[in-house]
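**Q** Protein chains in written order, with my numbering: chain V, 1012 to 1603; chain P, 1012 to 1603.
Bear in mind the hints are in silico, worked out from the structure with no lab data behind them.
Just so it is clear, the structure is predicted and the values come from calculations on it, not from any experiment.
Check the hints yourself; a few may be wrong.
Where chains are identical, the list cannot tell them apart; a pair therefore holds if satisfied intra-copy or between any two copies.
Result set (DSSO-like, lysine-lysine): computed pairs, CA atoms no more than 30 Å apart in a straight line [claimed, not checked]: (1) K1046 <-> K1077; (2) K1069 <-> K1275; (3) K1077 <-> K1090; (4) K1198 <-> K1069; (5) K1046 <-> K1243; (6) K1311 <-> K1243; (7) K1311 <-> K1275; (8) K1311 <-> K1351; (9) K1046 <-> K1076; (10) K1076 <-> K1090.
Number of protein chains: 2
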Amino acid sequence: MSSAADVPAHLVLSRRDLEFLLYEWLDVESLTERKRFSDHSRETFDAVMELSEQIAVKHFAPHNKKADANEPHVGEDGKVVLIPEVEQALTVFNDAGLISGQFDDSLGGMQLPTTVSKASLAWFQAANTGTATYPFLTIGNANLLIEYGSEDLVDAYVRPMLEGRFHGTMCLSEPGAGSSLAYITTKAVEQGDGTYAVTGTKMWISGGEHELGENIVHLVLAKIPGGPAGVKGISLFVVPKTLVNADGSLGERNDVNLVGLNHKMGYRGTTNTLLAFGENGGATGYLVGEPHKGLSYMFKMMNEARIGVGMGATALGYTGYLHSVAYARDRAQGRPVGDKDPAAPQVPIIDHSDVRRMLLAQKSYVEGGLALGLYCSRLVDEQITGEQDAADRAGFLLDVLTPIAKAWPSQWCLEANNLAIQVHGGYGYTRDYNVEQFYRDNRLNPIHEGTNGIQGLDLLGRKVVAQGGRGLQLLVETITETIDAMSGEYADALRAAVDRLVAVTGTLWGQGDAEVALANSSAYLEATGHVVVAWLWLDQLRAIGDKEGAFYDGKRVAARYFFRYELPKTGPQFDLLENLDRTTLDLDTSVL
Amino acid sequence: MSSAADVPAHLVLSRRDLEFLLYEWLDVESLTERKRFSDHSRETFDAVMELSEQIAVKHFAPHNKKADANEPHVGEDGKVVLIPEVEQALTVFNDAGLISGQFDDSLGGMQLPTTVSKASLAWFQAANTGTATYPFLTIGNANLLIEYGSEDLVDAYVRPMLEGRFHGTMCLSEPGAGSSLAYITTKAVEQGDGTYAVTGTKMWISGGEHELGENIVHLVLAKIPGGPAGVKGISLFVVPKTLVNADGSLGERNDVNLVGLNHKMGYRGTTNTLLAFGENGGATGYLVGEPHKGLSYMFKMMNEARIGVGMGATALGYTGYLHSVAYARDRAQGRPVGDKDPAAPQVPIIDHSDVRRMLLAQKSYVEGGLALGLYCSRLVDEQITGEQDAADRAGFLLDVLTPIAKAWPSQWCLEANNLAIQVHGGYGYTRDYNVEQFYRDNRLNPIHEGTNGIQGLDLLGRKVVAQGGRGLQLLVETITETIDAMSGEYADALRAAVDRLVAVTGTLWGQGDAEVALANSSAYLEATGHVVVAWLWLDQLRAIGDKEGAFYDGKRVAARYFFRYELPKTGPQFDLLENLDRTTLDLDTSVL
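With these hints in hand, go ahead and build the complete structure from the sequences.
**A** This is the structure we're talking about:
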């Protein structure tokens, strides 16, 4: 049964699937031939994976439910109170060096391939997404500062973050500017000493306040007065909760204050805050890089974060799937179709075809999502360590895939969680079981880091048309390689779907009106996402070849499910797009 | 804004839409020409609708959030504690006579048409489904006892229920028998005095324990030892929480005890219980009707309950839709496509095409669901008061539509709530707004009163093939009447879909293997549901004709949305069914 707080490893995530994806499909071992990863081997990768599994299962999963039932609150002393297990788990995580897995040797990191690092981190997202979010934000923050920050900022903030002493956030949204960052009003005024006085209010800041570690490093988008209007006038600042002295010791408390905690449907273990910067004159901030380039720097982090959101959604979907398979094997109810003997014993519900449908759907979504997330991570590794041409190509393909890597799992692995509840019946609706929490936690993912609607506009409005349509072309070339290597029902179906994608994209952008082209961008995103995941299923089958065994047969049947039940859903979506449907455009909203 | 606990009427439900459906579409005024409803008029109907709206808005909506945040618990004295607003609201509801709206004059009821009664009750489901569930269970219980119980049982239990003094439950499920009632183990042994000693455990009993009113009347399925195995050996009993003396006064506490409260994802205002009958020797029970006919009696109530579940799902979807329209008009964010001026003010998000899509989808689901629920209620009225032929036909059509009336709204109006959260963005994910609760409350509906999987088996395995296929034939004839009266794009699309439905049903049952026929019954249910709702949209357009005004234009655009975006989804589902896809049947579950 799956009701205990202690969740065994085989209900958290599948090590076998991760190993398949890493070694048999993405061939990460070959990365050890590259200079950056030359200290690594299959053995070191395995060790990281095993360590991650153990720590996630032993230190993260057990308090997942407790953190949900005891959400952060502001204590009498004004400090944010979390359950103690959060800090305990993070200490183990940091002490094991997992916080710095993907970072350079020179920064105390393990210099792991991104693919291996993301696979290892998926254990934590599956075990306890609320607690895992704290180090994940820190990793994203550190990554950005390493790329764009000065050496001083790296020394003062990144090193303590990678030691697990400081935590990081990203402060983009404001109460009046969420999806539309052009309208942020937070100001940063140069103070004559090279620092800035930052004033403004930031909304939805995850990890924005807590007593974990020693300090919180906020990365804050703000406008320097006199700069350009809109997004071109946005700059990026480090604004620490507590100022850091030149010797690295902690100084005074900065002018950053908690206004309130947001109380959410799920994801309750992670504090989410409304923060006031500069209520008492101005919070001290340090400019990152050059003025007015803040949004482009932040997008570096945001693109990583979007893939991270997709991986998080996948991880929650995956653990829900594993829970529901276990439940369906265990729970006896009903008889097979046609068995009219009232004295016959009940059968496990996994014997019922509709339960099988719900399990296969989940499997096809969550393993598809994991393949997508790790494929994108592998592109990051290629971008960083590949030959110039391959690196450029990988980076470009990654750009195209990013909105899908964010939106697809956050839609379909959420649907997986919905199905996991349904498989559990009434039990799944209770908080005695884990699956309802997975759904509630996962429901955030279609919203944050750019709503899925924003991802649709990004894919259709920017990514596929980038460089005169080279974005789509590159995607299609890559998919076609797989199709050409295979044959039969699935390859044929995928080729037809890709042809439609190309034709529809041509129709949309060929008619000359951007508003019409983008009117159904969500349908475009969904359809393209399904085409991409169908391709990744076919490519997994290519890697499997004629290998035998239950694991491979499981892949085969999930692929069959995806091609039979899922890919055909793109037909009506492509029809709608091809017809340049104007229902939403023509709408007189006063009739609603 | 929609964050306040006090929800204005126009965010709860649409009186205008209800009036349209009742008077302009279903012509309930014509029912006043029938004997049973001859005391009624448009004025009395309107008065009931207005009273319902007022009480729902004033007494039910304001504590919806509070009841969610303060779920029932067992106090130190072992009694179940609810927030006091629940009893206060129910007192107003009962005092207004709404508990007995549909019941006979002779029982103190208003003898309202079911259609009007269900429309009036929808206000309460939309305003506060947790509190509304208590009287709804009571109404279902009373309805069953009036039909099958003795006069003594009616006097002792129904009259106090219709006065609002007693509450009712239905006790079907057990921990090991939920979807499969054949396996219940609760026993009822005749005690020599005509009463029975009932022993067993019942699970998921909504309203199973509380201190509301004076007594709780449990309707309990149990087996009399020596009876037939399986469902043919199930009998039905009245088992009151407190025994009732011959003079109607309350006697001793019966042997019915609360084992525990279930703690759910949503629907928290309604207690949901595990009950032990006969822990101390046997709970006194009174047989309803004849032995071994309990399940058929219960199905009378269950069929009503299924339509009620659909209406409840619709009501939650409807209020979420209204909340999200209001939010989308109010919330400014972003600029129109193509407007590159960073100094331009932000526009209301309702101007963005993807937000419009999410609003139109919701509108098409919730108004479609409401039309479906009220159409079925109108069939009930026809069944009760129509001429013999029409009554038979109505009853038969109602049988066919019942699984759809339950499953379709519980799937699509839940999806509406999902979209309502998405329209609200991050705010919708917080408990400061109402929409996340609507989703959590609504998530129960695909599960209870027969999971949607069960509904699929019922529709395809029983209903459409009833009387040699007369079930489907009757549905198709009825839909075709509407198609024949209309013409153009929608009529053509619907005719084609109906043709496919007929062809696919023939293929499924023509191949001779029930297991194969039923392998994809959920796809069949979904596709048929979409065909039915498309028909109800077309039929609403038929009723509208060329009437002018924003309200009618709203109906037209929602119908357009449904025909353009929704009905085409049935194509791949019909394909799957026509191919007799065996993916789920062929599955070797050891590979999962």
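**Q** Against each hint, give a clear statement of whether it holds in the structure.
**A** Hint check:
1. K1046 <-> K1077: neither (44 Å within a copy, 60 Å between copies)
2. K1069 <-> K1275: Both, since 26 Å and 27 Å are each at most 30 Å.
3. K1077 <-> K1090: both (20 Å within a copy, 26 Å between copies)
4. K1198 <-> K1069: Neither: 44 Å inside a chain and 45 Å across chains, both beyond 30 Å.
5. K1046 <-> K1243: For K1046 and K1243, neither the intra-copy (38 Å) nor the inter-copy (74 Å) Cα distance is at most 30 Å.
6. K1311 <-> K1243: within (16 Å within a copy, 66 Å between copies)
7. K1311 <-> K1275: Within. Shortest intra-copy distance 27 Å satisfies the 30 Å Cα cut-off; inter-copy 40 Å does not.
8. K1311 <-> K1351: Between. Shortest inter-copy distance 23 Å satisfies the 30 Å Cα cut-off; intra-copy 62 Å does not.
9. K1046 <-> K1076: neither (43 Å within a copy, 58 Å between copies)
10. K1076 <-> K1090: Intra 23 Å, inter 27 Å, cutoff 30 Å: intra and inter.
Hints 1, 4, 5 and 9 from the list above are not met by this structure, while the remaining hints are.
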